[in-house]
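Residue numbering for the sequence shown follows my numbering, beginning at 1 and increasing consecutively.
Do not take every clue at face value.
[Said to hold, decoys possible] Derived lysine-lysine pairs resembling DSBU-like cross-links, with alpha carbons at most 35 Å apart: (1) 9 - 21; (2) 18 - 53; (3) 35 - 21; (4) 88 - 8.
The hints are simulated quantities; they were obtained by calculation from the structure and are not laboratory data.
All of these numbers come straight from a predicted model, not from anything done at the bench.
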Amino acid sequence: MALNYEVKKRVFGFDETKTEKYVAQMKTLGVVGFKDLCDEVSKIGMAPRGVVKLVLDGLIDTLNMDINKGFSVQLGEFGCFRPGINAKS
């Protein structure tokens, strides 16, 4: 699997010298919507689209509940979802 990225110059606020650094930034090919994702899983997993949607909706709701409680949620080799903070400096 090839990854698309571009290298950009960045200055980080925490760097006292304000030196420009080169950072790789991912470039995506686009977004796969929820409907398309359900269709793809249905074709590969041979489960009806309605069942796939029901399971994914349940997964999303459960992830939100557990993350809002402060838990990290491990989904096998897919990765780990954990609470985060977004703030402006």
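Comparing the hints with the structure gives:
1. Of the pairs offered as hints, the one joining residue 9 and residue 21 holds, with about 5 Å between alpha carbons and a cut-off of 35 Å not exceeded.
2. Taking the CA atoms of residue 18 and residue 53, the gap is near 48 Å; set against the 35 Å cutoff, the hint is violated.
3. With a C-alpha separation of about 40 Å, the suggested pairing of residue 35 with residue 21 is violated against the 35 Å cut-off.
4. With a C-alpha separation of about 21 Å, the suggested pair residue 88 and residue 8 falls inside the 35 Å cut-off, and the hint holds.
Checked against the numbered hints above, the structure breaks hints 2 and 3 and satisfies the rest.
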